[in-house]
Structure formats: structure tokens, C-alpha cells
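Visitor: Make a model of the complete structure from these sequences and hints.
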Amino acid sequence: MGSTTGRKFSDIQSDVYDVVIVGGGVSGLTLAAALKASPYTSALKVALIEGMSLAPATKWDPSPDQLSNRVSSITPASQAFLQKIGVWDYVYPERVRQYDDMRVWDGVSGARIQFDSFQLDAAGAPMAYMTENLNLQQALLESLAEAPGDNQVKIFDSTKVEQITNSTDQLDDVDLSSWPAVKLSNGSTLRARLLIGADGVNSPVRSYAGIESRGWDYGQHGLVATLTMEWDDRQDIAWQRFLPTGPIALLPMPGGKASLVWSTTPKLAAHLKSLDPKAFCTLVNAAFRLELADLNYLYTRSDPEEIEAEFEWRDGMLPMEDEGAKFPVRVVEVQENTRASFPLRMRHCDSYVAPRVALVGDAAHTTHPLAGQGLNLGQGDVASLMSVIERAVVRGADIGDEVVLQEYWAERYPANHVMLGVVDKLQKLYCTDSKPVVALRSAGLEVVASMDWIKKLIMKQATGI
Amino acid sequence: MLGTIKHSSSRLCQTTLRLTSRSHSTASSSAFSPDELAHFNALASSWWDANGPSRLLHKMNPLRTSFIFDTIDAYALPSKTRLSGLKMLDVGCGGGILTEALARNPRVESVTGLDMSEQVLEIAKKHKRQDPKLVMEQKLDYKLCSLFDLPVPEAAAEGKDEQRYDVVTMFEVLEHVPDPSALLETATKLVRPGGWIFASTVNRTAAAYLTTIFVGEDLLRMVPKGTHSWSKYINEKELREWFIEHKTSVPGTGEHWDVVTSKGCIYIPFVGWEFCGPRDLGNYFLAARRLS
Ligand SMILES: Cc1cc2nc3c(=O)[nH]c(=O)nc-3n(C[C@H](O)[C@H](O)[C@H](O)COP(=O)(O)OP(=O)(O)OC[C@H]3O[C@@H](n4cnc5c(N)ncnc54)[C@H](O)[C@@H]3O)c2cc1C
Numbered sequence: 001m002g003s004t005t006g007r008k009f010s011d012i013q014s015d016v017y018d019v020v021i022v023g024g025g026v027s028g029l030t031l032a033a034a035l036k037a038s039p040y041t042s043a044l045k046v047a048l049i050e051g052m053s054l055a056p057a058t059k060w061d062p063s064p065d066q067l068s069n070r071v072s073s074i075t076p077a078s079q080a081f082l083q084k085i086g087v088w089d090y091v092y093p094e095r096v097r098q099y100d101d102m103r104v105w106d107g108v109s110g111a112r113i114q115f116d117s118f119q120l121d122a123a124g125a126p127m128a129y130m131t132e133n134l135n136l137q138q139a140l141l142e143s144l145a146e147a148p149g150d151n152q153v154k155i156f157d158s159t160k161v162e163q164i165t166n167s168t169d170q171l172d173d174v175d176l177s178s179w180p181a182v183k184l185s186n187g188s189t190l191r192a193r194l195l196i197g198a199d200g201v202n203s204p205v206r207s208y209a210g211i212e213s214r215g216w217d218y219g220q221h222g223l224v225a226t227l228t229m230e231w232d233d234r235q236d237i238a239w240q241r242f243l244p245t246g247p248i249a250l251l252p253m254p255g256g257k258a259s260l261v262w263s264t265t266p267k268l269a270a271h272l273k274s275l276d277p278k279a280f281c282t283l284v285n286a287a288f289r290l291e292l293a294d295l296n297y298l299y300t301r302s303d304p305e306e307i308e309a310e311f312e313w314r315d316g317m318l319p320m321e322d323e324g325a326k327f328p329v330r331v332v333e334v335q336e337n338t339r340a341s342f343p344l345r346m347r348h349c350d351s352y353v354a355p356r357v358a359l360v361g362d363a364a365h366t367t368h369p370l371a372g373q374g375l376n377l378g379q380g381d382v383a384s385l386m387s388v389i390e391r392a393v394v395r396g397a398d399i400g401d402e403v404v405l406q407e408y409w410a411e412r413y414p415a416n417h418v419m420l421g422v423v424d425k426l427q428k429l430y431c432t433d434s435k436p437v438v439a440l441r442s443a444g445l446e447v448v449a450s451m452d453w454i455k456k457l458i459m460k461q462a463t464g465i
Numbered sequence: 001m002l003g004t005i006k007h008s009s010s011r012l013c014q015t016t017l018r019l020t021s022r023s024h025s026t027a028s029s030s031a032f033s034p035d036e037l038a039h040f041n042a043l044a045s046s047w048w049d050a051n052g053p054s055r056l057l058h059k060m061n062p063l064r065t066s067f068i069f070d071t072i073d074a075y076a077l078p079s080k081t082r083l084s085g086l087k088m089l090d091v092g093c094g095g096g097i098l099t100e101a102l103a104r105n106p107r108v109e110s111v112t113g114l115d116m117s118e119q120v121l122e123i124a125k126k127h128k129r130q131d132p133k134l135v136m137e138q139k140l141d142y143k144l145c146s147l148f149d150l151p152v153p154e155a156a157a158e159g160k161d162e163q164r165y166d167v168v169t170m171f172e173v174l175e176h177v178p179d180p181s182a183l184l185e186t187a188t189k190l191v192r193p194g195g196w197i198f199a200s201t202v203n204r205t206a207a208a209y210l211t212t213i214f215v216g217e218d219l220l221r222m223v224p225k226g227t228h229s230w231s232k233y234i235n236e237k238e239l240r241e242w243f244i245e246h247k248t249s250v251p252g253t254g255e256h257w258d259v260v261t262s263k264g265c266i267y268i269p270f271v272g273w274e275f276c277g278p279r280d281l282g283n284y285f286l287a288a289r290r291l292s
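Protein chains in written order, with our numbering: chain A, 1 to 465; chain B, 1 to 292.
Do not take every clue at face value.
As the list claims (entries may be wrong) - Derived PhoX-like pairs (lysine-lysine); straight-line CA-CA distance at most 25 Å:
(1) A/K45 - B/K80
(2) B/K143 - B/K133
(3) B/K139 - B/K125
(4) B/K189 - A/K8
(5) B/K237 - A/K8
(6) B/K189 - B/K80
(7) B/K133 - A/K183
(8) B/K139 - A/K8
Keep in mind that the hints were calculated from the coordinates and are not lab data.
Guide: Here it is, written out as C-alpha cells:
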């Protein structure tokens with residue numbers, strides 16, 4: 001213990017927290033809300049740090065005909081968890097669209113598969129809920145604001161984590177040398193019994209903990225956009241076509257809108273972003289409807305009128321039968337400033353935990369959006385970590401104890417590993433037009449399409465039920 | 001091996017015989033054998049390394065705490081058992097793995113941890129300083145002494161209950177002391193009516209030898225060599241009978257004990273410690289309750 005320094009724990013106590021969450025994305029906010037909702041953990045002192053401003057979420061005043069371009073499909077398991085922690089009640093219901101049917105096909109061979117929730121023994125139950133990430137974030141922040149005053153999560157937004165080290169406090173009564181000290185851009189330093197990395201794919205918390213993250217870049221960008229459809233298709237269907245450059249997906253949103261996720265080469269993504277809005281819509285329609293050779297030709301054009309004419313001519317040659325079952329309603333408009341693209345990658349950390357550290361969400365794993373699982377895996381992480389923390393509190397364990405946290409890792413790693421692996425294999429399988437692979441994968445898809453029990457299995461995995 | 005078994009079973013008879021004759025003053029200096037003490041001194045520095053030699057102890061802790069509190073809840077006597085505000089004594093607390101967890105539990109009012117190894121207790125005290133909650137709440141106290149050194153309230157004296165404990169825990173202790181029954185005898189005197197003794201140890205079976213010593217120490221090296229000595233293991237039946245013979249009704253005091261439950265537990269790689277398997281095979285936990 002050595003000589004005294006005259007400094008005591010009470011001198012720094014206001015900056016000492018049970019849980020410090022870095023990252024105010026959906027994962028970080030969900031953990032904060034869950035901690036406050038549980039009778040076992042609501043008394044814990046919690047801080048959340050977000051580099052960007054959270055005002056767009058707290059002051060969100062959405063207009064009915066504008067949709068944010070960051071949209072996610074929420075699985076029933078995630079929805080149930082958000083319900084359980086009292087957050088779903090704050091979600092704007094008119095900005096949520098359920099779908100209960102999914103049509104997936106191979107752009108090269110045309111082999112098709114259809115999933116619907118009747119196969120889940122849950123007729124009529126949604127397969128997923130589509131909503132804007134902002135809708136979730138505002139609901140999470142709203143529920144956090146409801147906690148009793150002295151018990152609220154302390155939120156530091158527009159505040160960056162600049163450095164994380166072990167605490168170097170020299171105190172006479174307490175030894176915090178095993179506690180992470182998080183230095184913020186506002187000058188203060190928070191000490192954490194448990195530090196949560198909910199800080200996304202480039203997680204500074206992960207770097208501090210020295211946890212290795214492995215994976216690769218897909219060499220694709222995910223182009224998102226908010227689209228208006230020719231009319232509101234009352235069938236609630238999610239559409240996805242696998243093209244050799246990556247899958248294109250159209251997900252139904254309220255009010256005859258849809259959310260686009262088009263995974264493609266960075267070059268094509270840049271081209272599509274810069275294209276005239278009308279021509280862009282035409283290319284989206286083409287990407288769902290035309291033969292690959294025709295589509296590839298259209299990619300090389302940039303004159304809107306030429307694109308339009310070429311598309312109509314080629315589309316006119318398609319057979320009309322079963323139109324509504326085979327293709328989505330046509331896109332007629334793209335909402336201004338909603339075209340954006342993100343590099344797509346696969347990452348998985350060797351561990352999610354270290355002494356006094358746990359990673360959740362994209363900080364621990366990142367996946368291709370083709371299965372709409374990224375955010376949902378993060379929700380699964382939070383649910384699992386929450387039950388581990390609750391159990392630890394009940395037992396009187398230190399919630400930062402690595403032995404405790406390892407229970408979370410042991411539970412989540414295998415589940416995430418399977419999902420990341422399946423998504424990765426699917427993406428690799430479909431990103432080729434090599435003849436034998438196409439023949440095999442189409443046969444595969446057709447076999448799956450004809451075998452209800454396999455589909456049921458796949459859907460149970462994908463919906464988390 | 002046969003020789004060892006013979007030797008140890010005769011040793012056990014001695015132990016059982018010693019129960020009645022042994023007085024506490026003679027035991028006080030020998031609650032822990034010197035070689036055991038040396039062994040644990042050597043382990044002191046790695047006690048809190050969750051990936052070190054004490055890993056299995058760390059992993060057993062959740063099972064211990066849930067055994068204690070679940071048993072209290074399940075077998076509470078409405079008029080006698082306290083459910084919270086508990087005063088606890090952790091005998092052989094080591095580096096404080098269980099002791100800290102007890103002190104952090106909101107149902108616990110105070111915990112005293114006893115250990116005879118100075119080095120190990122230093123580690124416990126140092127580690128306690130790493131948790132400001134433990135330091136600030138002042139519920140946790142460590143004492144360098146043996147159980148025999150604690151003042152024993154007079155047996156019959158009324159109003160002495162407040163000097164006694166609601167719970168005395170003796171986890172993985174009985175198999176390390178030369179005279180387990182003297183230790184138990186003293187422990188019973190420190191428990192208030194309605195209170196508890198929670199103990200765990202290992203059955204003296206071939207299976208336990210195989211798992212704890214041969215596999216655990218020799219083969220997998222999960223546990224430091226020399227941690228266990230098979231001949232000191234105590235069968236569940238012996239422990240249970242000790243309570244029946246000595247404590248079901250203590251003449252002249254009205255003192256009465258009841259073994260309410262005991263459970264076998266095993267370590268399953270990749271899963272952890274689980275209650276399963278027969279209680280007379282390997283490791284087991286036992287809970288005894290003082291009725292009056
Ligand atoms: C095109 C696309 C489509 C997708 N579609 C779906 C879908 O349909 N369904 C689905 O489930 N998932 C989907 N995802 C994935 C999903 O968006 C992510 O998995 C999810 O948003 C990750 O949330 P998170 O909270 O873990 O991380 P993030 O949202 O990345 O949050 C991390 C936060 O940490 C903050 N931060 C980082 N560093 C610091 C620092 N030093 N200081 C302070 N703050 C910091 C950041 O500002 C950020 O707000 C999609 C992803 C993409 C790219």
C-alpha cells in the first residue's frame with residue numbers, strides 16, 4: 001500500500017460507474033435500456049458515451065412521407081426482447097411494416113424459393129418487422145428518459161472516447177488498477193467496473209482489450225435507398241434476387257414505400273448513387289426483372305432516356321403470367337438524399353470478453369446484410385449478456401469478473417458463429433456465375449423449396465424463435 | 001492403492017473416535033496441517049487469476065452461492081430463519097472468492113472470513129481493495145486465525161444469539177484439516193438457532209481419486225499438484241452421520257441439528273460445475289440447519 005497520497009475514493013466517486021457503455025447505436029442503447037428495466041440491475045450506475053449527437057433521435061419529428069434510409073428488419077425474437085424491456089411501446093407503430101413472406105431467387109438460373117410464416121407453425125405471425133433504426137433509437141432513448149431521476153443512465157453524446165487505459169488513480173483506500181479508465185473528449189475520465197464495447201466495427205474498446213477480430217471484406221458495397229412503389233402492395237413480401245455482383249433486396253415499408261439494400265461492386269454502387277433518380281429507379285426495376293445480359297448492358301448506359309427506353313423494350317418481352325408472384329411492384333421514385341453505401345465485411349472476434357470488458361453487436365461481429373441479421377445478432381448478444389449480469393448480481397459476483405463474463409461468450413459465440421458462417425457461405429455461393437456452381441446451388445434451392453422441414457429449420461434460425 | 005485405502009479407513013476411525021475426546025484448546029494450533037499451509041501459501045499470488053491454478057474454484061463459486069441462498073429460501077423456518085440481514089462466517093476463506101460474493105450480496109449484513117495462511121489472507125485483503133463497493137460498505141472483514149480461536153458463546157446462555165452467526169460456511173475445508181470433527185463441533189457452537197452450516201468436500205471413493213487427483217492434478221493439471229490428499233476426503237455418509245450422532249439432540253442444551261440437503265456436483269469441461277450425479281461419488285455440498 002506504501003505511502004499515503006491523501007486522495008480517497010470519495011474524491012473520484014462521481015466518475016466511477018458500474019457499467020460504462022461505449023456506443024449509442026442500437027446495441028449500446030438496448031443494453032442501457034435493459035439494465036434500467038430489470039429489477040436486479042436498475043440500481044447500477046450506468047454511463048453511455050456516443051461520439052455523434054443523439055439529438056436527431058431524441059428530437060425526431062418524422063413526417064409520414066419521409067423515411068430514413070437506415071432501416072433494419074427486426075426478428076420476432078428481437079421484437080419480443082424489446083417488448084420485454086418495455087421499449088417496443090415507444091416505437092411509432094405506424095412506421096413499422098411487418099412481412100410474413102419472403103421470395104428469394106437465383107439471378108443466374110431463376111431457381112426460386114418462397115418462405116412464409118405458415119411454415120413456422122405460426123400462421124399469420126410476422127416473419128420480421130421492418131423499421132427505421134432511428135425509430136428504435138428514439139424509442140430506446142425515450143424509455144431511458146422514463147427511469148426515475150436519480151437512477152438514469154448518464155448519457156454523454158457528441159463526446160468521443162479518446163483513450164482507454166487501466167486506471168492510474170493513486171488512492172489510499174481503494175485500488176482501481178484493474179478498472180478501465182475511459183478518457184473522454186470533454187476532458188473527464190470515467191472508471192468502469194464493466195466496460196461495454198458497443199462501438200461498432202472499429203471498436204476502440206476491442207483494441208483496448210487486445211481482442212483479435214478476424215474476417216475479410218466482401219469487396220462489395222451495400223447501397224441503401226428509400227423508394228416509393230407504384231402502388232402499395234398489400235401482400236407483405238420481402239424480395240431478394242441473387243446477382244453475381246451481390247444480392248439486391250427490397251423490403252416493404254409503410255405507406256407504399258420500400259427499403260432497398262443492393263449489395264454490389266464499389267464501382268457500380270458509385271455509379272448507381274450518381275445516376276439520375278428516375279434512371280436509378282429503372283435500374284432497380286431492371287435488377288429484379290431482366291436477364292443478366294440485359295442488366296449488364298443497362299449498367300453501361302447513363303443517359304436516363306436511353307435507360308428508360310431500353311428497359312421498357314426488354315421488359316415488354318417478359319411473359320406477363322404470375323407477374324405479381326414473381327416480381328415486386330415497380331419502383332417509381334427514390335427519396336432525395338437517401339442513396340448511401342457502406343462497405344460490406346465479415347468480422348468475428350476470437351473472444352467477446354476480457355477482464356472488465358464485454359463486446360456486443362457490431363463490435364463483436366459484422367455480417368453481410370443479405371440475411372438481415374446484423375442488428376438482430378446484437379440484440380441476441382444484449383439479451384444474453386443481460387441474463388448473465390442479472391445472475392451475477394443475484395449471486396453477489398463482481399459483474400466485471402472475467403469468469404462471469406465468459407458465460408456470455410460461451411453462450412453467444414457458437415450461435416453467432418453459425419449464423420455468420422451460413423450468411424458467408426450463402427454470399428460466396430451466390431457471388432459467382434460459374435456453371436457447375438450455379439447448377440448445384442439451383443438444384444439445392446429447388447430441393448430446399450420442395451422440402452418444408454428444411455425451410456422450417458432455416459426460418460427458425462433466421463427468426464430466432 | 002489398496003494399501004492407501006486400508007490406511008485411510010483406519011485413519012478415519014481414529015478421526016471418528018477423536019470426535020468426543022478432543023478438546024478445543026489442544027486443537028487450536030493444529031486446525032491446519034503445516035504442509036497444507038505451505039501448499040496454500042505457495043498458491044497465494046495466483047489466487048485471483050481466473051485462468052490460473054484456482055480456475056476451478058472460481059468456476060465453482062456460482063454453484064456455492066446458489067446452493068446457500070436457494071437452500072435458505074427453500075427450507076426457511078418462518079419464525080426462526082432470517083432471509084436477509086444475514087451475519088456470516090466463512091471458514092477457510094482463502095483469497096476471498098466466496099467471501100467477496102457473500103459480502104456483495106444485498107441479503108448479507110456482514111461477513112467474516114477466516115484463514116490461517118498469512119500470505120493468502122494478504123491477497124484477500126488486497127483484492128478486496130479492488131472493489132470500492134466492498135471497501136465503502138464495510139460488510140467484509142478478514143481475520144488471520146483458526147475457527148478454534150474465535151470466542152465461543154456459552155452453550156446455554158440465553159441472549160447470546162447475537163454473537164452467533166446465521167450462516168457458517170466451510171467450503172473445501174474439511175478435507176484439508178487434521179481434525180474435521182473438532183472443527184465441525186466448534187462451528188455448531190457459533191451458529192444461532194435457525195442458522196446454518198454449509199460445507200463441501202469430497203467423497204473418499206475411487207471415482208473421486210480418479211477425477212480430483214489423477215485427472216485433475218496429474219493428468220490435466222487443472223488443479224495444482226498436492227491440493228488434495230485422498231486419505232483426508234470425507235464421505236457424504238460420514239458427514240451426515242456425524243450430525244445425526246452428535247447433533248440430533250445435544251443433552252442438556254436443547255440443541256438440535258438437521259441435515260436438510262446434500263448434493264453431488266461435478267465439473268463438466270466447457271460447461272462448468274453442475275449439481276448432478278450421486279452425492280456419494282465425488283464432490284458434494286451439504287447443508288445442516290440448527291433447529292433450536
Ligand atoms: C446496408 C446495411 C443494411 C443492413 N440491414 C440490416 C437489417 O435489415 N437487419 C439487421 O438486423 N441488420 C442490418 N444491418 C446491420 C446493422 O445495421 C448493424 O449490425 C447494427 O446497426 C449495429 O449496431 P451496433 O449498435 O452494434 O453498432 P453501430 O450502429 O455501429 O454503433 C456504434 C456506435 O459507436 C459509436 N462510436 C464508435 N467509436 C466511438 C468512440 N471512439 N467514441 C464514442 N462513440 C463511438 C459510433 O458513433 C456508433 O454510433 C445492415 C447493415 C448495413 C451496412
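Visitor: Each hint: holds or not?
Guide: Cross-check of the supplied hints:
Between A/K45 and B/K80 the CA atoms are separated by roughly 35 Å; this puts the pair beyond 25 Å, and the hint is violated. Only pairs whose Cα atoms come within 25 Å are accepted, and B/K143 paired with B/K133 is accepted, the gap being roughly 20 Å. Among the hinted pairs, B/K139 with B/K125 is consistent with the structure: their alpha-carbon atoms are about 13 Å apart, no more than 25 Å. The straight-line distance between the Cα atoms of B/K189 and A/K8 is roughly 40 Å, outside the 25 Å bound, and the hint therefore fails.
In summary, the hint linking B/K237 to A/K8 is not supported, as the alpha carbons are separated by about 52 Å, beyond the 25 Å threshold. Of the pairs offered as hints, the one joining B/K189 and B/K80 holds, with about 17 Å between alpha carbons and a cut-off of 25 Å not exceeded. Taking the CA atoms of B/K133 and A/K183, the gap is near 22 Å; set against the 25 Å cutoff, the hint holds. Restraint check: the Cα-Cα separation between B/K139 and A/K8 comes to about 19 Å, which is no more than 25 Å; the hinted pair holds.
Hint compliance for this structure: hints 1, 4 and 5 are broken, all remaining hints hold.
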